[in-house]
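In the order they appear, the protein sequences are chains A and B. Mapping of the first sequence onto the numbering used here: residues 1 to 121, in sequence order. Mapping of the second sequence onto the numbering used here: residues 1001 to 1116, in sequence order.
Check each hint, because a few of them may be wrong.
Ranges of calculated distance between the beta carbons of each label pair, as one might list FRET restraints [said to hold, decoys possible]:
(1) 81/A with 1062/B: 41 to 51 Å
(2) 118/A with 1051/B: 35 to 45 Å
(3) 20/A with 1020/B: 23 to 33 Å
(4) 15/A with 1073/B: 39 to 49 Å
(5) 1063/B with 81/A: 28 to 38 Å
(6) 26/A with 1083/B: 29 to 39 Å
Straight line, CA to CA, 20 Å or less: simulated EDC-like cross-link-like pairs of lysine to aspartate or glutamate [claimed, not checked]:
(7) 3/A with 17/A
(8) 97/A with 1056/B
(9) 3/A with 1014/B
(10) 73/A with 44/A
(11) 3/A with 1063/B
(12) 73/A with 29/A
(13) 3/A with 1018/B
(14) 1024/B with 22/A
(15) 113/A with 1014/B
(16) 97/A with 1083/B
(17) 70/A with 17/A
Chain A residues, not near chain B, derived (Cβ > 12 Å throughout) [said to hold, decoys possible]:
(18) 24
(19) 39
(20) 70
(21) 109
Read the hints as simulated data drawn from the structure, not as lab findings. Just so it is clear, the structure is predicted and the values come from calculations on it, not from any experiment. Every residue gets a Cβ at the ideal spot worked out from N, C-alpha and C, and that includes glycine.
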Amino acid sequence: AQKITQTQPGMFVQEKEAVTLDCTYDTSDQSYGLFWYKQPSSGEMIFLIYQGSYDEQNATEGRYSLNFQKARKSANLVISASQLGDSAMYFCAMREKTRSNSGGSNYKLTFGKGTLLTVNP
Amino acid sequence: DAGVIQSPRHEVTEMGQEVTLRCKPISGHNSLFWYRQTMMRGLELLIYFNNNVPIDDSGMPEDRFSAKMPNASFSTLKIQPSEPRDSAVYFCASSHLVGLGANVLTFGAGSRLTVL
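Extracted from the complex, chain A is given alone in its bound form:
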């Protein structure tokens, strides 16, 4: 079963406007973390923002904010005042428990399929 769902394969936004990229997740863990990464056309993966499941405030990092709705299991990324340089793929990821070869609990990041954001001038 898909753990992270990004329903928007592509999004368009006008420069200087705000845009919301959707992400829903599925987990039975009480403690988990949600991440957003940006991948520009050059290919590198850039960490943007993190939200812990117990954090009561929505995370913010500059023009990025995470709209965390725990009951709905959604963690949407909001980019304010879009810039041309924001054009990229955006990936939502969740930290989840994984099995360990030696027993015990460990964690891994599972990524969604991504949303391609295009900022128009």
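Mind docking chain B on chain A? Use the hints.
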């Protein structure tokens, strides 16, 4: 810090050849991850290490894939023999295991593999 360093950046090889991808994590990071990215399957976790010990290799597609981490500053992902369906971008990432920044992955630039 120079970040996570991967080599080679690009590799073109023929089916049946052995491929070795290399990764140097950020100094002080004690978790290392190998991901594969394709258009069809997105980003898939292949294997990860904590303190040089393989923790979860359930994502390794088959026995042709193997990964090692002989010390805290070096890891390899080997494919032998390679097949065209192995063509992908392979990312190495590292993070702290605990504390601030735990599980925030820093990615390398990736190794683009093409198997003809």
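Outcome of the hint check:
{"no.": "1", "hint": "81/A with 1062/B: 41 to 51 Å", "in the structure": "holds (47 Å)"}
{"no.": "2", "hint": "118/A with 1051/B: 35 to 45 Å", "in the structure": "holds (42 Å)"}
{"no.": "3", "hint": "20/A with 1020/B: 23 to 33 Å", "in the structure": "violated (42 Å)"}
{"no.": "4", "hint": "15/A with 1073/B: 39 to 49 Å", "in the structure": "holds (43 Å)"}
{"no.": "5", "hint": "1063/B with 81/A: 28 to 38 Å", "in the structure": "violated (50 Å)"}
{"no.": "6", "hint": "26/A with 1083/B: 29 to 39 Å", "in the structure": "holds (32 Å)"}
{"no.": "7", "hint": "3/A with 17/A", "in the structure": "violated (30 Å)"}
{"no.": "8", "hint": "97/A with 1056/B", "in the structure": "holds (11 Å)"}
{"no.": "9", "hint": "3/A with 1014/B", "in the structure": "violated (35 Å)"}
{"no.": "10", "hint": "73/A with 44/A", "in the structure": "violated (28 Å)"}
{"no.": "11", "hint": "3/A with 1063/B", "in the structure": "violated (26 Å)"}
{"no.": "12", "hint": "73/A with 29/A", "in the structure": "holds (12 Å)"}
{"no.": "13", "hint": "3/A with 1018/B", "in the structure": "violated (33 Å)"}
{"no.": "14", "hint": "1024/B with 22/A", "in the structure": "violated (33 Å)"}
{"no.": "15", "hint": "113/A with 1014/B", "in the structure": "violated (29 Å)"}
{"no.": "16", "hint": "97/A with 1083/B", "in the structure": "violated (31 Å)"}
{"no.": "17", "hint": "70/A with 17/A", "in the structure": "violated (26 Å)"}
{"no.": "18", "hint": "24", "in the structure": "holds (16 Å)"}
{"no.": "19", "hint": "39", "in the structure": "violated (9 Å)"}
{"no.": "20", "hint": "70", "in the structure": "holds (19 Å)"}
{"no.": "21", "hint": "109", "in the structure": "violated (6 Å)"}
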